[in-house]
Amino acid sequence: MSISRRVLTRSIAKQLHEGGQYSQLVSQLASFIVTRRLYGQTELIVADIARELAKLGTVDVNVTTARQLSGDLRTEIEKFVRDVESAKIVRVHETIDSELIGGVVIETPSRRFDASVASQLTRLRNV
Amino acid sequence: MNFTVTQFAQTDSGGLLDALGIDWRMLVFQLIGFCVLVFILGKYVFPIFNRVIEEREKQFADNAKAAETARKDAEAAEKRITEELDAAKKQSADILEVARKEAAKTVEDAGDKASKKADHLLEQAQARIDLQVSDAKRSLQSEMVSLVASATEKVIGEKLDARHDNELIKKALKDAER
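Chains A and B are the protein sequences, given in the same order. Residues 1 to 127 in our numbering are what the first sequence lists, from first letter to last. Residues 1 to 178 in our numbering are what the second sequence lists, from first letter to last.
Any given hint could be a false lead.
If we take Cβ atoms under 8 angstroms as the criterion, some of the chain A residues that face chain B in the derived model are [claimed, not checked]:
id	residue
1	Asn62
2	Ala66
3	Arg67
4	Val104
5	Phe113
6	Arg125
Partial pick of chain A residues on the chain B-facing surface, computed with a CB cut under 10 angstroms [what the hints assert, rightly or not]:
id	residue
7	Ser4
8	Gly20
9	Gln21
10	Ser31
11	Thr35
12	Arg37
13	Gly40
Please keep in mind that the hints were generated in silico from the structure rather than gathered at the bench. Quantities reported herein were computed from a predicted structural model and do not represent experimental measurements. The beta-carbon is built from N, C-alpha and C at its ideal position, and this holds for glycine as well.
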């Protein structure tokens with residue numbers, strides 16, 4: 001029986017939201033990609049899952065900063081994402097990139113918030 | 001004298017014709033001949049003459065009429081030629097006038113065209129100059145911004161510590177929430 005990508009991503013997102021076993025879901029998704037030869041769409045599938053999760057209230061957010069986030073700043077970012085995305089659960093994936101110089105880049109499945117010093121300087125250069 | 005008397009004497013006795021030496025038989029004969037002659041002439045000769053004369057008269061009249069017609073035709077032709085000449089003169093004058101006007105207009109148009117072209121060239125030159133100035137300004141501005149950005153980047157990279165960075169992030173989040 002063949003299922004569509006949309007149905008699969010929705011199903012995986014639902015299971016993740018309900019606390020399903022992460023490694024098992026990843027294995028299922030990998031076998032689906034291999035079976036269907038959807039290697040080129042892996043990123044799209046992951047993005048779809050993230051979007052479906054966001055609809056269910058669980059938002060995976062990538063936060064990039066130039067330095068390690070402090071505890072209170074991390075809390076503020078989670079609050080910010082919760083307010084903006086109307087999310088119940090916010091999962092922060094932190095990345096450090098010194099190229100940003102300062103500030104923060106927050107990426108949710110549906111939007112990107114770039115308040116880094118590097119991007120502001122780039123905008124200034126492009127004026 | 002004697003002879004004359006004799007003559008008159010004989011007349012008195014033989015009649016007047018005899019006295020005049022006329023033979024009355026000969027006279028009658030001559031009268032008849034004359035009448036015959038008149039008759040023949042009236043019957044056969046005079047009509048021919050009359051016809052010839054009438055023909056000649058008719059011919060003269062026709063000739064006169066033809067001459068009159070020719071004269072009238074000639075007058076009409078002369079009048080027509082005069083009119084045509086006048087018309088041709090007027091036409092040539094009109095043509096000359098039109099040609100003069102066209103020449104004047106051509107000169108005027110050429111002047112206008114040259115003036116417009118000069119204006120256009122000036123506008124183009126001005127536009128090129130403006131564009132070059134604008135490009136130069138933009139280039140200068142871009143260079144300055146780049147320099148400022150580089151300097152800012154260097155200064156911020158050196159001066160921005162963790163505390164300031166945290167404040168910066170918090171401020172950005174607050175601004176975004178508004």
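Comparing the hints with the structure gives:
1. Of the supplied interface hints, the one on A:Asn62 is violated, with its beta-carbon coming no nearer than about 15 angstroms to a beta-carbon of chain B, more than 8 angstroms.
2. For A:Ala66, the suggested interface contact is upheld, since its CB lies about 6 angstroms from the closest CB of chain B, less than 8 angstroms.
3. Given hint, A:Arg67 at the interface with chain B, holds; its Cβ is 5 angstroms from that chain's nearest Cβ, closer than 8 angstroms.
4. Hint status for A:Val104 relative to chain B: holds, with the closest Cβ pair at about 5 angstroms, below 8 angstroms.
5. Annotation: interface hint on A:Phe113 holds; nearest CB of chain B at approximately 6 angstroms, less than 8 angstroms.
6. With its C-beta approaching chain B no nearer than about 5 angstroms, A:Arg125 sits inside the 8 angstroms limit, and its interface hint holds.
7. Restraint check, A:Ser4 versus chain B: the minimum CB separation of about 36 angstroms is more than 10 angstroms; hint violated.
8. The closest approach between the C-beta of A:Gly20 and any C-beta of chain B is roughly 32 angstroms, which is over the 10 angstroms cut-off, so the hint fails.
9. Against a cut-off of 10 angstroms between C-beta atoms, the interface hint on A:Gln21 is violated, since the closest Cβ of chain B lies about 34 angstroms away.
10. Among the interface hints, the one on A:Ser31 is violated; its C-beta lies about 40 angstroms from the nearest C-beta in chain B, farther than the 10 angstroms criterion.
11. Taking 10 angstroms as the C-beta contact cut-off toward chain B, the hint placing A:Thr35 at the interface is violated, the least distance being around 42 angstroms.
12. Using the Cβ-Cβ criterion of 10 angstroms, the hint placing A:Arg37 at the interface with chain B is not satisfied: the shortest such distance is roughly 41 angstroms.
13. A cut of 10 angstroms between beta carbons decides the hint on A:Gly40: the least distance to chain B is about 34 angstroms, and the hint is violated.
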